[in-house]
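Assemble the whole structure, with the sequences as input and the hints as a guide.
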Amino acid sequence: MSFSTSAILKKEQDQEYEQLANKHRPKPRVLLNCLKAFTVGGLICLLGQGLMWMYVEGFGFKPETAGDPAVATLIFISCFLTGIGVYDRIGQWAGAGTAVPVTGFANAIVSAALEHRAEGWVLGVGGNMFKLAGPVIVFGTVSAFFIGIIHTLIQMMM
Amino acid sequence: MPGQRRVGRSTWSFEQEVRIISSAAVAGPMEGEGRLGECYDFIYNDLYAGQETWEKAERKMLEDAVSIALKKADLTNRDIDVYLAGDLLNQNISASFSAKAVGIPFLGVYGACSTSMLSLSLAAALVEAGYARYAAAGVSSHHCTAEKQYRYPTEYGGQKPATAQWTVTGAGVGIVGIREQGPRIRYATIGTVTDRGIKNPFDMGTAMAPAAAKTIQTHFEDTGRTPKDYDLIVTGDLAGVGHPITRELLEKEGYRMGDQFQDCGLMIYTSEQETFAGGSGCACSAIVTYGHLLEQMMKGTYRRILVVATGALLSPISYQQGEVIPCVAHAVAFEMN
Chain A
1 MSFSTSAILK KEQDQEYEQL ANKHRPKPRV LLNCLKAFTV GGLICLLGQG
51 LMWMYVEGFG FKPETAGDPA VATLIFISCF LTGIGVYDRI GQWAGAGTAV
101 PVTGFANAIV SAALEHRAEG WVLGVGGNMF KLAGPVIVFG TVSAFFIGII
151 HTLIQMMM
Chain B
1 MPGQRRVGRS TWSFEQEVRI ISSAAVAGPM EGEGRLGECY DFIYNDLYAG
51 QETWEKAERK MLEDAVSIAL KKADLTNRDI DVYLAGDLLN QNISASFSAK
101 AVGIPFLGVY GACSTSMLSL SLAAALVEAG YARYAAAGVS SHHCTAEKQY
151 RYPTEYGGQK PATAQWTVTG AGVGIVGIRE QGPRIRYATI GTVTDRGIKN
201 PFDMGTAMAP AAAKTIQTHF EDTGRTPKDY DLIVTGDLAG VGHPITRELL
251 EKEGYRMGDQ FQDCGLMIYT SEQETFAGGS GCACSAIVTY GHLLEQMMKG
301 TYRRILVVAT GALLSPISYQ QGEVIPCVAH AVAFEMN
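Here the protein sequences line up with chains A and B, keeping their order. Heads up: the first sequence is residues 1 to 158, going by my numbering. Heads up: the second sequence is residues 1 to 337, going by my numbering.
Don't read these hints as lab results, they were simulated from the structure. Just so it is clear, the structure is predicted and the values come from calculations on it, not from any experiment. The C-beta atom is built at its ideal place from N, Cα and C for all residues, glycine as well. Hints should not be assumed to be uniformly reliable.
Stated by the list, open to error - Computed footprint of chain A on chain B, listed as stretches where at least three residues anywhere in the stretch have a Cβ under 8 Å from a Cβ of chain A:
#, region
1, 53-66
2, 149-161
3, 201-210
As the list claims (entries may be wrong) - One side of the interface only, derived from the structure: several residues of chain B facing chain A at Cβ under 8 Å:
#, residue
4, R196
5, G197
6, P244
7, E248
Written out as structure tokens, the structure reads:
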């Protein structure tokens, strides 16, 4: 014996409700969000490029190695803005524009570390700082592994 | 055998003069700057409320609300026979830990954001039946503890959709007893848990709207009352998306809800405060009811009101496992006479 209505009927009712609800939901502004993301993401990359030039021209780095201090600087800026509570506001406005670049990755780690500081250094900060960034690392590594195999196979066939 | 107190499917009728003796609402800084800022008994300057952690801050707010309510009623904790409280944190910690400080025999209750009216209904029933002379009902919620538990770290820069809501920081407490004056608790309608297939935790209004509509409909059927019998019918935290959906669902059932149909989640913040669809959390309906609405009843603005607190009964585990969000709503009818 079952308490619930039949699965088919429930599904129909749910779909009907979804249509009703959709009338009242604000439409996501996809185009506007894309434009904002493109602009902000682009500006962050421009800043990165500017930093690279600065490290090449001002600090004697080679163009091939100047990327490292440039990325480190961007990460520092992102961590700092997260720490003073500004990054989430920029992120709400810019969306993927601040989430996709390295700054978003740094924000994911620092925000989780700050959030769980109250649970102690080890279980709190240590145990939680990769809560959001962990999946990125895991699936980044896994996809790199498979792409590596495909790359090698193609090379062997050539 | 006492008289029958159940009316219809799930409405409790309070035959005695069960009334709100006193109530207290405390709120966070953002709520203090909102539309009802003047209604709260205390506004904290920051989200920590002088404590080391947000969790302790939330508990402190609940404790403060209890002591303010006691002071207003001119009672001490020894006079209160039972304290019913709940919150949103795992294992109801704000409520249970506050009960340690409060020192009143404690019953922890949980109904997510519907806990405000759930705890009040139970408190009224215990007083009506004579198990308590006075009972205290309280709830709390905190923006940061709720975000931490249900969603992402507060400083995380992920973009939230316009259907998301802002958890209200604060606590509300009502003390119930038998008196001749004050807002009387006339009915409580206990909701059934419903779901309409909504899984998105950033769209709680849509998930909860059918539960609210169902409880309101049940209340009208059980009591024979109509929307016109109330000066104000407020839902707890359906906000900008859920509230119009509930209105439409009720319209389909033949109930025309006029301008007196409102939502606590839309009453707390100003439009300049960026709270997406509006407020949510246990404290949302609690600080509006205990801080503002009951006060307005005493002043004579409203004679009869219905507060329908809505709750989304999800956990972070349940939605990660792809389960739908079951929801419930409990309604309490207050009146002056």
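Hint by hint, here is what the structure shows:
1. 53-66: This one holds; 3 residues, not fewer than the three required, reach chain A with a Cβ under 8 Å.
2. 149-161: holds (count 10)
3. 201-210: It holds: at least three residues are needed, and the region 201-210 of chain B offers 4 whose Cβ sits within less than 8 Å of chain A.
4. R196: Result: holds, 4 Å to nearest chain A Cβ.
5. G197: 3 Å, holds
6. P244: 5 Å, holds
7. E248: 6 Å, holds
Taken one by one, the earlier hints all hold for this structure without exception.
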